[in-house]
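For the sequence shown, the numbering used here assigns the number 2 to the initial residue and increments by one for each residue that follows.
Because the hints were derived from the structure by calculation, they are not lab data.
Take these hints with a grain of salt, some might be off.
[What the hints assert, rightly or not] Below 16 Å or equal to it, Euclidean Cα-Cα: the simulated EDC-like pairs (lysine to aspartate or glutamate) are:
| no. | residue 1 | residue 2 |
| --- | --- | --- |
| 1 | 171 | 140 |
| 2 | 19 | 78 |
| 3 | 215 | 186 |
| 4 | 19 | 76 |
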Amino acid sequence: MQMIRAYQSPHYNGPAVKLGAGVTGGDASLFASQQGYRIVAGSCPTVGLVGGYTQGGGHSFLSGVYGFGADNVLEWEVVLASGEHLVATPTQHEELYWALSGGGGGTFGVVVSMTVRVFPEGQSAVASLSFGVSTAGSEDNFWNAVEGFFLEAQTLVDRHGVVFDFGISKDTLAVLGMIAPGLDDKALASLMQPMMNTLTRRGISRQATNLAVKAGSSYYDLWATTTAPLRLRSNGIPIEHGQQ
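Model the full structure from these sequences, guided by the hints.
Right, dumping it as C-alpha cells:
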C-alpha cells in the first residue's frame, strides 16, 4: 500500500492510495485512516478490494457521499492475456479503464494494482434498530411498519447520503448499521425522528425498536467497532445505498 498525498492528472488532483491486488478492504481502510483519510470499501473487512469488489462496482457505507468503489478508481495496473503490462486511466487506454471499473473481476485482464481517491477522515455516526411480529402484535401490523420504515429510509438515502445495512425476514427487520458520514449522534438522531414518528404511528414505539445511536471521531473507528464485526458473522445482508 502506498499513500500518494498529491496525485496529479488531467481529471483529478488530490490524495490517493495505490493498492496491490491482495489487499483487503479492512487493511486498506486501516491504512487510509492512519494517514488521515477514509477510503470507499465494503462493509465486510475480509473482502479483497482490488478484485471483484471494485471491479464489480463496489457498494460501501460511504457510497451515499462518495459513490461506488469503481467511481473512485484513478488507475488500473493490469496484465492482459497477451502478456502486455499497462496502466489504464480515463485518458490512457480509456476503454479498458471503463471496462474494469464495474465490468467484473478477471474479465478483461489480471489487475496487479489500482490507485483510488481517498477522502479526509472525520466524524461519523451509526444507528441500529430492530422490530418484529412479536413487537408489532400481528403480521399485518409488522408489514405495515416495514412499509413505513422503507418510505422514511428512502428520504434519508436520497437527501442525506445515509446508507443502511439491513436484513429482513418473514417476521423480523433488523438494521445492523445505518451510517451517516460527517454527522454526530445528535444530528443522526434528529434525521431519524420522522422515521421513528412513522413507526410509532404504525404501532412500533421508539423503545420497542431498540434504537441505538453512536458517534465516532473517525469513520474507520466507528465501522471497525460496530458494523464490521457483525458482517463477519452474517450470511450476506443486502445494502441500500445513497445516491451521489
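ask   = Does the alpha-carbon distance linking residue 215 and residue 186 stay inside the 16 Å limit?
value = Holds. Residue 215 to residue 186 sits at ~5 Å (cutoff 16 Å).
key: Given hint residue 140 paired with residue 171 - CA-CA distance at most 16 Å   = Since the Cα atoms of residue 171 and residue 140 sit roughly 9 Å apart, the hinted pair holds (cutoff 16 Å).
inquiry  = Between the alpha carbons of residue 19 and residue 78, is the straight-line distance 16 Å or under?
reply    = 10 Å, holds
Straight-line alpha-carbon gap residue 19 to residue 76, limit 16 Å = Judged against 16 Å, a Cα distance of about 9 Å means the pair holds.
Of the numbered hints listed earlier, not one is contradicted by the structure.
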